Amino acid sequence: MWCYNVWQLESVTQVVLFDISVRLHVGRPESRLVEQIVLHILKKLNYASSSDLKGLVGMDSRMKQIEALLCTQLPEVCFVGIWGMGGTGKTTIAGEIFNKIAGEYEDSYTPKFSLSYAMQYGCTCKFKILLKLCFSFTGFQGTGKVEGIFLDVSKLRTENVEGMFLNVSEIREIELSSTAFARLYNLRLLKIYNSVAGDKCTVHLPSGLESLSHELRYLHWDGYPLTSLPCNFRPQNLVELNLSSSKVKQLWRGDQNLVNLKDVNLSNCEHITSLPDLSKARNLERLNLQYCTSLVKVPSSIEHLDKLNDLDLRGCTSLINLPNRINSRCLKSLNLFGCSNLKKCPETARKLTYLNLNETAVEELPQSIGEQSGLVALNLKNCKLLVNIPENIYLLKSLLIVDISGCSSISRVPDFSRNIRYLYLNGTAIEELPSSIGDLRELIYLDLSGCSSITEFPMVSNNIKELYLDGTAIREIPSSIECLCELAELHLQNCKQFEILPSSICKLRKLQRLNLSGCLQFRDFPEVLEPMYCLRYLYLEQTRITELPSPIGNLKGLACLEVGNCKYLNDIECFVDFTVYLYCLRKLNLDGCHISVVPNSLGFLSSLEVLDLSGNNFSTIPLSINQLLELQYLGLRNCKRLQSLPELPPRLLKLDADNCESLNYLESSSSTVVKGNIFEFIFTNCLSLCRINQIMPYSLMKFRLYTKRLHQLPDVPEGACSFFLPGGVSPQWLSHQSWGSTITCQLSSHWANNKFLGFSLCAVIAFHSFGHSLQVKCTYHFSNEHGDNHDLYCYLHGWYDEKHIDSDHILMGFDPCLVAKDDCMFSEYSEVSVEFQLEDMNGNLLPLDLCQVHECGVRLLYEDEIHCIDYYCDALEAMFQGKRAWFQGKRARFQGMSWEDYSVIRRTYEFLEEPDVSKGVSSFCLCGDVTPEWFSHQSWGSTVTCQLSSHWANSEFLGFSLCAIIAFYYFKHSLQVKCTYHFRNKHGDSHDLYCYLHGWNDERRICSEHIFVGFDPCLVVKENDIFSKYNEVSIEFQPEDMNGILLALDICLVRKCGVRLLDAKDKHGLETRLQAQ
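For the sequence shown, position 821 matches number 821 in UniProt numbering, and the numbering has no gaps at all.
Each hint can be trusted.
Here are the simulated DSSO-like pairs of lysine-lysine, each with C-alpha atoms no more than 30 Å apart in a straight line:
| id | residue 1 | residue 2 |
| --- | --- | --- |
| 1 | K247 | K297 |
| 2 | K344 | K397 |
| 3 | K465 | K381 |
| 4 | K332 | K262 |
| 5 | K332 | K280 |
| 6 | K297 | K191 |
| 7 | K755 | K821 |
| 8 | K384 | K344 |
| 9 | K343 | K384 |
| 10 | K262 | K307 |
| 11 | K332 | K249 |
| 12 | K351 | K397 |
| 13 | K640 | K654 |
| 14 | K297 | K381 |
| 15 | K587 | K654 |
| 16 | K777 | K821 |
Distance windows between CB atoms, simulated:
| id | residue 1 | residue 2 | range |
| --- | --- | --- | --- |
| 17 | L993 | H736 | 44 to 54 Å |
| 18 | V38 | G787 | 49 to 59 Å |
| 19 | V819 | M841 | 21 to 31 Å |
| 20 | N784 | K100 | 37 to 47 Å |
| 21 | K755 | L1046 | 41 to 51 Å |
| 22 | S688 | H786 | 48 to 58 Å |
Rather than coming from a laboratory, the hints here were simulated on the basis of the structure. In this text, all values refer to a predicted model and were calculated from it rather than measured experimentally. Don't be surprised by glycine CBs; every beta carbon is placed ideally from N, CA and C.
Could you build all of it, start to finish, from the sequences and the hints given here?
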């Protein structure tokens, strides 16, 4: 018993001594100390269990298992999650373990809140819990808002708070009171920052800020919202100050003791106009003022900062001058890039290693530049007013990089140190290089691009690796080029006078890239006499070559061959001889080479990934193209004679067949072998293509396999698939369709299950004089009856170049929407609205007068539905094939005449033969989108103008034949077309007449293009001599309903129109042509 009591007393003594040892330095009264000891012991006893858990059925083994996972003896932070069905005792076990080990820690807390609690009070409760752990063992009361964090801090025991870091990247807006930091007397570290690059801080101080701790060593506040720091702030302890992207105009007033300040970052503070006196900041090492666009000057005291080693003033566009000299012996980097009003460069100490004067207004460099013995890099790029470089620059033995590019006033350069490695002289006015250029043994990079007065190939060191001579006047390369044994890149792009490339070029064993693009006089590539294993990129676009390099099989390492727009290259039959050797060829560009036949051997380039055959004259592509198993891009733009496509390669990602006017057939069947990947197929302006039937099965197969790969392989990139083709009606198999750019559909319970493949999307787009890049942003607005909502979006990519389109096209897309399947939250939504927005590739919305979504559709695709869609596509294909054959047979009957022309001629002749022809306008309508050639005057849009001969309105005049192509979108109205004649002459006289082409009185639903043709005898013209003096007439077509109300452009639009003045000769001609048919 005695021993037991002694043990107890010894334990208590140890506890007391431990507590005293920790707190003696505070200097508090003994009574306060005793009170803290008692509280400490009570906390320990509260967590001690009064009984062992031995014998408690079902708990002991599970608790031991979890305790082993906690690894409490290790210093690292450990997380253990307990997962299981509800009601199995997870919370009970966790609570018992927590109570058992809590006494081993300085403080502890068990958060007790449910999902409903979090939804009611918001996620900020996590911040509250954290603050409770950090600042108080007692209860924690909060406001429930983010800004309440700081309000609550001010009410807690804050005297021991020394650091506070807040990442506001996920906070939209937060307002702090002016006293948010009032009681944080000992705060040494304060960081309020945004971890997301490019985002601005969203912290606001509407009532200002009263104070900051004088103990601050580190102050980092991205986007600080006030114009200055608190007036009572004393920065004597401050070591680092970072107020980047803030609104400060001045830091503080008067002199401040800045003896500890080492680092100042005021980058992107666009409102700051001047800096305070820095004469007392003797320890300042870094001063970052980049993009302070309102900064006019820096204090003269900066020249006496002995420890300054980095001064960054790039982008200070208002900066006019600097001190004449910066005396810091530690200064290594001076960056004045973009100080466009700075005319004089300051002198510096000799330890400077980096000087950047890019795009400044300096007119000369100080003569002391030759004393900068430590200078490594000198950047004078685009100093347009700089006239010369000091001659003593050759003294800079450490100088490795000199950039004088864009200094258009420099006509000669001095000798440089032999240690120079990179020399940029492109865009200067130099006429020749110094004779010492060959002595620069370390030179590995020389750029003379744009030096149009350079006529001779530079005699450089044999160690040169990259040589850029683009845009020079060089005519030939000497055979001695074989001595440049280290040369890896040789660029002669756009050398208009260049003619001769020596055969010794083939002896450059390390040559990897040869660029002769745009050498308009270059005709003959030398014979490749020996294998070139390193040459990987050969650019010969826009040259006059008539045949490819031969034997091209000796280009063993060739990966990219660019011969686009070589208009004298008539065929590529040489491929037959060398395909088996080109194992490395990845890209072949034959765009615009007037090729009439694509050889079958092209299909044996087994490594080919990019093939561009655009702008050529062939009518077919060999079947062997589907053997290009690695092909990802196939370019067929402007192949106007191409009539059909064979089966496509299995891994094809993008097919661009824009403006293939004759393309009418695409081979595709359910047996076609395809690989699942993202794909984009473009058939814009392929008006002969049989609409959607042939590409749809191929696309669906690729999409189905692609979605499977997304689930099976984690490294497969997610993205939307799409294809464009002509047409004005969305496919019927889309279960939800709507007019306009938004479609809404109801979602069933558990719609995002394992069999969900994604969304099939469709938009019918009307283009009017379109010539831009295009992408379609598809935004999903999910919602449910409880008011919850969530937005997602994807992009259906169109094209980057400027395609000219003037007709309706269908965009089909497939989006796997993996996030909807991976997050169970989406199963709670019962409705989704999909919005289609047309943008250019820069993300700018395109105006409605250029392109507009008139119809859209969506379908949720499931695995078991794909086969049904395949059957639909097969039936659709058979229907279109039959319809196509019927039309071809019908058109074949009319020799040299289209079906539309025949219809117009026949009906016009019937109008003229009618006995009551003088009573009014006769008209008819037929389906179509092409203005018949019979109309002598045609125009895009709703107005056509034609010149009138003298005495045009004579007795032979019969009237006007009128035509309008009208595109209908979601149309359901009555219709008539008002035709207004605007007669004019050169004297300014004018007169208007009008007539009507009648359509229908009832409401008809039409969503395609139709041709309206009419005949107007225009009797008032023949009865009134006034019309003979007019020499011009413009006819305007305006669609109206039968009440005379103009119809909106988003439901019907006149896309083309035409007119012909009929006389007696025309009537006889009509009769003759009809008899011939």
